[in-house]
Amino acid sequence: CELIMILSRPGFLVSQTLFPQIPFQATQARSGVLTPAVAGINHEQIELRQRHRKGTRSRNRLSTELFLAKNDIPSSSRKYTLHQYVTALRPITIIQAVGAFLVGSLTVASPCTTFLTSNSGVLLAAILSIYMSYGAGMVMNDAVDVDIDSLSKNINKKDRPIASGRISKRAAWFYCAGLSGVSLLLGSCVSCYYSLWTTSNLAFMLAYAFGLQRVVIVKNVICGWLAISPLIGAWIFSGMQELNKEKLLSLALVGFLMHVSREIIKDIEDVDIDRGHKLTLPVLIGKKTSHRIAYGLVAMTYTMNIFTPTYWNIFAANVPLYPLSIIITLPMCIRASFLPISEGQRLLKKSIYVLLAGMIGALSLQ
69 CELIMILSRP GFLVSQTLFP QIPFQATQAR SGVLTPAVAG INHEQIELRQ RHRKGTRSRN
129 RLSTELFLAK NDIPSSSRKY TLHQYVTALR PITIIQAVGA FLVGSLTVAS PCTTFLTSNS
189 GVLLAAILSI YMSYGAGMVM NDAVDVDIDS LSKNINKKDR PIASGRISKR AAWFYCAGLS
249 GVSLLLGSCV SCYYSLWTTS NLAFMLAYAF GLQRVVIVKN VICGWLAISP LIGAWIFSGM
309 QELNKEKLLS LALVGFLMHV SREIIKDIED VDIDRGHKLT LPVLIGKKTS HRIAYGLVAM
369 TYTMNIFTPT YWNIFAANVP LYPLSIIITL PMCIRASFLP ISEGQRLLKK SIYVLLAGMI
429 GALSLQ
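Mapping of the sequence shown onto my numbering: position 294 corresponds to residue 362, and the numbering continues sequentially without gaps.
One or more of the hints may lead you astray.
Simulated crosslink set (BS3-like; lysine-lysine; CA at most 27 Å straight-line) [as the list claims (entries may be wrong)]:
1) Lys346 <-> Lys225
2) Lys356 <-> Lys226
3) Lys226 <-> Lys313
4) Lys225 <-> Lys418
5) Lys355 <-> Lys418
6) Lys356 <-> Lys225
7) Lys417 <-> Lys225
8) Lys346 <-> Lys356
9) Lys417 <-> Lys315
10) Lys417 <-> Lys226
11) Lys237 <-> Lys225
12) Lys237 <-> Lys315
13) Lys346 <-> Lys237
Hints in this document: simulated from the structure, not taken from any laboratory.
Could you build all of it, start to finish, from the sequences and the hints given here?
So this is what it looks like as C-alpha cells:
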C-alpha cells in the first residue's frame, strides 16, 4: 500500500523523469513529500533493513502462533488441516506395527491364500485397529513431550505438528482419545480378547508417555515390547493356536532386539535435550558405549537370522525373498554404524522396512 501511495504521487513521476540518476526516499516530514537524497543512500543498508523487518514480522507471526497453540486460544489464522493430523500419527513409522502383525498372521496361517480370502473383513478391522492405536501412542507421546520437543535441536522433532504449535496440546489429547476409541471399537469387531490386547497396548503407551520413558532401560524395553506386541495380536487373531507359538517366539526375539537397538540410537541422538529430563542409557554411560551396545544388538540379531535354521524354515519360499532381504539390509546396517547418529538411525529404520517386506513377501508366496 505504501508503494502504491508513493508511485501515485505526481512529484515522484516528475522528479524521476527530470532526475533519474538521483535516488529518492520518503521523508518523515508532515507533508510526506518525496525529496531527493542530499547524500547518496546506501542501498545495501536499506536492503538489510527490509530483510530485518521481514524477518521480524515472520518471527512475531511464529511467536503468536506458538502462544495461541500452547494456551489453547482459538485463532482464525491457525488452520487445523487434515494434513497436520495425519502427520501427527507418523503414518510411515507405525507401518512397522502393521508389518509385524502381518508377519505373525502369515506365519500361523495355513495356507496363506485361504487365510487372506476368508478373513478379509475381520483382517482389515484388525489392521486398522493396530494402526489407530499405535497412532494414538505417537500423539500422546508428542503431547506429553511438547515442551522438550519444541526446544530440541532435531529439526524433525521441532517441526512436528504438536511441538510446533500447529496442533494445540488440548486438541492433541482429544485427537488421541478419538483414535483410541476407534481402535477399541475396531478391536471389538475382531474379538473380545483382541480388544483386551489393544487396551493393554494403550495402557503401556500411556504409562510410557507419563513416566516410564524417563527410566533408564525400562523405556527401551517397553518400546521393544510394543514393537513385537502385534505378534501377540496375530496369535489372538488366529484363534490362539498352540501349534505355531514357537515360531512367533523366534520372531519376537529378533524383532525385540532390533527395535531396542534403534531406540538406544535415538536416545544417543537426543542425549543433549534429554539430560536433566530423562535418564536414558547414553546419559548414564555415554554416547560411545551406548553406540557399541546398540550395534552389538543389531549384530546379534543378524547372527540369529543367518545362522539359525528356524528362520530359514519359517521364510522358505520358491522365490528367495528372505535371503535377498538379508543380503540387502546387512550392508545397510553395517554402513549405518559408521554414519553420524541421525543418518545412521534413519538408515537402520529403512533396513527394518526392507527386512519386513522380505519376510511378508516370502510368507505370502508359500
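Against the structure, the hints come out as follows:
For the suggested pair Lys346 and Lys225, the alpha carbons sit about 16 Å apart, so the restraint of at most 27 Å is met. A C-alpha spacing of about 25 Å is found between Lys356 and Lys226, which places the hinted pair at or below 27 Å, so the restraint holds. A threshold of 27 Å between alpha carbons decides the hint, and for Lys226 with Lys313 the separation of about 42 Å lies outside it, so the pair is violated. A threshold of 27 Å between alpha carbons decides the hint, and for Lys225 with Lys418 the separation of about 18 Å falls inside it, so the pair holds.
As the CA atoms of Lys355 and Lys418 are separated by approximately 22 Å, the hinted pair is consistent with the 27 Å bound. As the CA atoms of Lys356 and Lys225 are separated by approximately 23 Å, the hinted pair is consistent with the 27 Å bound. As the CA atoms of Lys417 and Lys225 are separated by approximately 16 Å, the hinted pair is consistent with the 27 Å bound. Restraint check for Lys346 and Lys356: the C-alpha separation of about 18 Å stays at or below 27 Å, so the hint holds.
Distance hint between Lys417 and Lys315 is fulfilled; the C-alpha atoms sit about 24 Å from each other, no more than 27 Å. For the hint linking Lys417 to Lys226, the alpha-carbon distance of about 20 Å falls within 27 Å, and the restraint holds. Proposed proximity of Lys237 and Lys225 is supported: the alpha carbons are some 15 Å apart, at most 27 Å. Note on Lys237 and Lys315: the hinted pairing is violated, with a Cα-Cα distance of about 42 Å set against a maximum of 27 Å.
About 21 Å separates the Cα atoms of Lys346 and Lys237, which keeps this hinted pair within 27 Å; it holds.
Checked against the numbered hints given earlier, the structure breaks hints 3 and 12 and satisfies all the rest.
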